[in-house]
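**Q** Here is what each chain is made of, one letter per residue.
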Amino acid sequence: MKLALKLALRNLLGAGLRTWLNVIVLSFSFVVIIFMKGIMMGWDHQAKTDMTNWEIGGGQYWHENYDPLDPFTLANSHAPVPEELKQEIEKGDIEPFLVVSGTIYPQGRLQSIVIKGINPGQSVFLLPTHKLDTLTDAIPAIIGSQMARNMKASVGDHITIRWRDVKGTFDAGDIVITGIFTSNVPQAENGQIYISLEKLQGMMLMPGEATLMTLRDGKTGMPVIDGWALKSKEDLTASIDAMIKTKSGGQLVLYTILILLAMLAIFDTQVLSIFRRQREIGTYVALGYTRKQVVGLFTVEGTMYAVLAAILSAAYGLPFLTWMAKTGWTMPVETSEFGLAIAQTLYPVYSAGLVISTVLILTTVTAIVSYWPSRRIAKMNPTDALRGKLQ
Amino acid sequence: MEAPPIISIEKLVKKFPMGKTEFTALNGIELQFTRGEFAGLVGPSGSGKTTLLNIIGSLDVPTSGTAVVLGMSVGSLSPKEAARLRKENLGFIFQSYNLLTVHTVYENVEFPLLLLGYNSSERKRMIMDALEWVGLTDKVKSKPPQLSGGECQRVAIARAMVKKPSLVLADEPTANLDAANSHNILKTMETLNRELKTTFVFATHDEKVISYLKRKIFLLDGKVDRQEILPN
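Line by line, the protein sequences give chains A and B.
Going by the working numbering, the letters in the first sequence line up with residues 291 to 681, in that order.
Going by the working numbering, the letters in the second sequence line up with residues 94 to 325, in that order.
Hints were generated in silico from the structure; no laboratory data involved.
Just so you know, even glycine gets a beta-carbon here, dropped at the ideal spot from N, CA and C.
Any given hint could be a false lead.
Okay, the calculated bits of chain B under chain A, using three or more residues with CB under 8 Å as the criterion [unchecked claim]:
| id | segment |
| --- | --- |
| 1 | 146-154 |
| 2 | 159-170 |
Computed cross-link-like contacts, DMTMM-like style, restricted to lysine to aspartate or glutamate with a CA-CA straight-line distance of at most 25 Å [what the hints assert, rightly or not]:
| id | chain 1 | residue 1 | chain 2 | residue 2 |
| --- | --- | --- | --- | --- |
| 3 | A | LYS292 | B | ASP299 |
| 4 | A | LYS489 | A | ASP461 |
| 5 | B | LYS108 | A | ASP674 |
| 6 | A | LYS296 | B | ASP314 |
| 7 | A | LYS292 | B | GLU174 |
| 8 | B | LYS113 | A | GLU373 |
| 9 | A | LYS296 | B | GLU115 |
| 10 | A | LYS679 | B | GLU115 |
| 11 | B | LYS173 | A | GLU373 |
| 12 | B | LYS316 | A | ASP674 |
| 13 | A | LYS669 | B | ASP318 |
| 14 | A | LYS679 | B | GLU265 |
| 15 | A | LYS296 | B | ASP299 |
| 16 | A | LYS292 | B | ASP231 |
| 17 | A | LYS523 | A | ASP674 |
| 18 | A | LYS296 | B | GLU265 |
| 19 | A | LYS679 | B | ASP299 |
| 20 | A | LYS669 | B | GLU181 |
| 21 | A | LYS679 | B | ASP314 |
| 22 | A | LYS582 | B | GLU181 |
| 23 | A | LYS582 | B | GLU200 |
| 24 | A | LYS669 | B | GLU174 |
| 25 | B | LYS180 | A | ASP461 |
| 26 | A | LYS292 | B | GLU181 |
Modelling step: build the complete structure from the supplied sequences, incorporating the hints.
**A** Right, dumping it as structure tokens:
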């Protein structure tokens with residue numbers, strides 16, 4: 291094996307440009323696959339981090355009637371905060387939310403919204419809720435930048451909102467925008483207005499009640515509470531996982547094309563080598579190699595393209611991938627229109643597992659592609675091979 | 094007591110399939126070679142000399158009869174055993190040199206020693222000795238495409254001789270060389286035969302080679318037609 295490696299390296303380096311063309315194509319596949327997978331992992335990481343920081347924290351208790359996809363459930367999705375959690379809420383490890391339906395009238399149009407009541411002193415989310423603690427002539431509110439853009443609203447603007455309290459009475463009032471935040475999480479921004487929890491409880495005549503309660507990230511071992519459904523972080527990010535999985539599946543086509551291109555180059559080289567280097571094959575046999583050993587040599591030679599490609603990829607790919615991880619990949623279109631938890635600039639994340647698995651997969655496929663045409667050598671007649679007679 | 098033959102061939106027949114019929118390349122060959130011979134299989138194209146050389150070199154097997162080389166019957170060797178016989182005891186010199194073109198002269202001559210597992214310092218000493226025999230010590234870093242035909246064949250001789258094999262088989266070694274280079278090569282091989290007692294068996298129809306042979310075996314239509322042995 292050691293000898294085969296030595297000879298294969300000599301043969302490859304001696305072949306010059308032909309070797310380097312294959313190596314460059316293969317190294318391109320390495321780098322692109324790792325980069326694209328890194329983008330996916332980066333997106334996954336960013337989406338989950340942003341969702342944790344802006345929307346779901348470390349998991350949530352949902353009122354048993356609450357369904358975020360059905361606004362009609364909001365009227366019945368509230369209950370007093372359970373006694374078991376009050377201590378944690380006081381410590382700030384759990385943040386209660388009251389979620390109700392409302393209406394606003396931007397530019398004279400009617401628009402349904404969700405009004406979320408949140409404690410202004412909370413620290414579970416990155417939401418700038420301290421801006422709700424402002425003394426104004428109207429109800430202080432914060433909104434997401436996407437919502438602000440849609441409503442053409444800015445800080446200081448007064449907006450009339452309408453709501454229906456727990457007894458079914460419609461009421462209305464003015465809010466004043468005291469803060470606008472950007473979160474990359476559409477679910478935390480679209481059609482959402484955040485006001486003080488206490489204020490909303492008062493408006494709704496629901497003192498001490500909440501719709502959902504968010505745990506600080508990392509909090510585990512929470513009790514099961516009657517009337518409340520505990521949703522883990524994994525449950526709440528399942529949609530992101532499913533979307534990343536779907537995207538990764540689509541990317542598989544690109545990887546397959548890239549790998550096929552690289553493998554085609556190696557397969558062609560191997561097939562050509564076996565025709566062009568028949569005399570050399572005969573010489574190896576005459577000098578004491580068995581035909582099986584020659585097959586092994588050619589397979590090692592082909593596989594070494596992947597090894598050289600990995601080295602070349604490291605040479606130019608590492609600086610490139612490191613640079614990309616720092617500067618990120620800016621999406622060519624406005625991502626806020628996507629309705630997905632996706633940042634305008636994605637920062638790829640590479641793991642050792644990603645790099646090692648990509649190198650291993652490509653090396654294995656290269657070895658198979660190299661071995662396939664090399665089997666032909668085992669059927670060659672060495673005396674014909676020595677004369678360079680086509681077989 | 095007479096030394097045992099290095100090659101012993103008895104009733105050797107080699108047939109090749111030719112469509113639905115068979116072509117008999119060798120027909121009942123009976124020959125023996127002793128250690129240190131400088132012999133040649135001489136004959137026109139198609140007389141069977143290369144086929145016989147290939148069988149002696151364990152690159153091919155007889156259809157019937159036996160060819161015993163260095164005590165091993167070529168026809169009954171496994172591919173592994175045949176490869177071992179070639180690796181340890183045989184040297185080959187070909188008409189078209191068959192050098193590894195992407196390797197340097199040094200690496201070409203080194204190849205048989207790598208197969209035999211010599212260490213680096215031993216290899217270096219043996220390679221330089223072999224290149225000195227053929228007068229190419231100044232070309233160690235050259236690659237075959239940078240050498241003349243005569244130089245290439247000298248590299249091939251160095252490669253065949255570097256492991257000091259018992260037997261060197263040379264198939265038309267001067268066919269691609271001019272007269273001056275041919276004589277140079279043949280003198281080199283003659284010297285190596287004399288000094289190292291290596292047995293040389295040629296397959297040739299080149300008069301220049303024939304003139305150097307101590308024993309000439311004339312083949313015609315796959316049979317030994319006659320032999321000439323020069324007195325020592």
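**Q** Each hint: holds or not?
**A** Hint check:
1. 146-154: Per the Cβ count (4), the hint holds.
2. 159-170: violated (count 0)
3. LYS292(A) - ASP299(B): Status violated; Cα separation ~42 Å.
4. LYS489(A) - ASP461(A): holds (14 Å)
5. LYS108(B) - ASP674(A): Distance of about 15 Å is within 25 Å: holds.
6. LYS296(A) - ASP314(B): Judged against 25 Å, a Cα distance of about 45 Å means the pair is violated.
7. LYS292(A) - GLU174(B): Given that 25 Å is the threshold and the Cα spacing comes to 21 Å, the pair holds.
8. LYS113(B) - GLU373(A): violated (98 Å)
9. LYS296(A) - GLU115(B): violated (43 Å)
10. LYS679(A) - GLU115(B): Satisfied, since the Cα-Cα distance of roughly 20 Å is no more than 25 Å.
11. LYS173(B) - GLU373(A): violated (83 Å)
12. LYS316(B) - ASP674(A): Distance ~22 Å between LYS316(B) and ASP674(A) Cα, so the pair holds.
13. LYS669(A) - ASP318(B): Violated, because 35 Å separates the two Cα atoms, which is more than 25 Å.
14. LYS679(A) - GLU265(B): Holds, at about 17 Å.
15. LYS296(A) - ASP299(B): violated (38 Å)
16. LYS292(A) - ASP231(B): violated (29 Å)
17. LYS523(A) - ASP674(A): Not OK: LYS523(A) and ASP674(A) at ~68 Å, beyond 25 Å, violated.
18. LYS296(A) - GLU265(B): Cα-Cα ~31 Å, so violated.
19. LYS679(A) - ASP299(B): Satisfied, since the Cα-Cα distance of roughly 23 Å is no more than 25 Å.
20. LYS669(A) - GLU181(B): holds (24 Å)
21. LYS679(A) - ASP314(B): holds (23 Å)
22. LYS582(A) - GLU181(B): This hinted pair holds, its Cα atoms lying about 18 Å apart.
23. LYS582(A) - GLU200(B): Status holds; Cα separation ~22 Å.
24. LYS669(A) - GLU174(B): Satisfied, since the Cα-Cα distance of roughly 18 Å is no more than 25 Å.
25. LYS180(B) - ASP461(A): violated (100 Å)
26. LYS292(A) - GLU181(B): holds (19 Å)
Hint violations for this structure: numbers 2, 3, 6, 8, 9, 11, 13, 15, 16, 17, 18, 25, all remaining hints satisfied.
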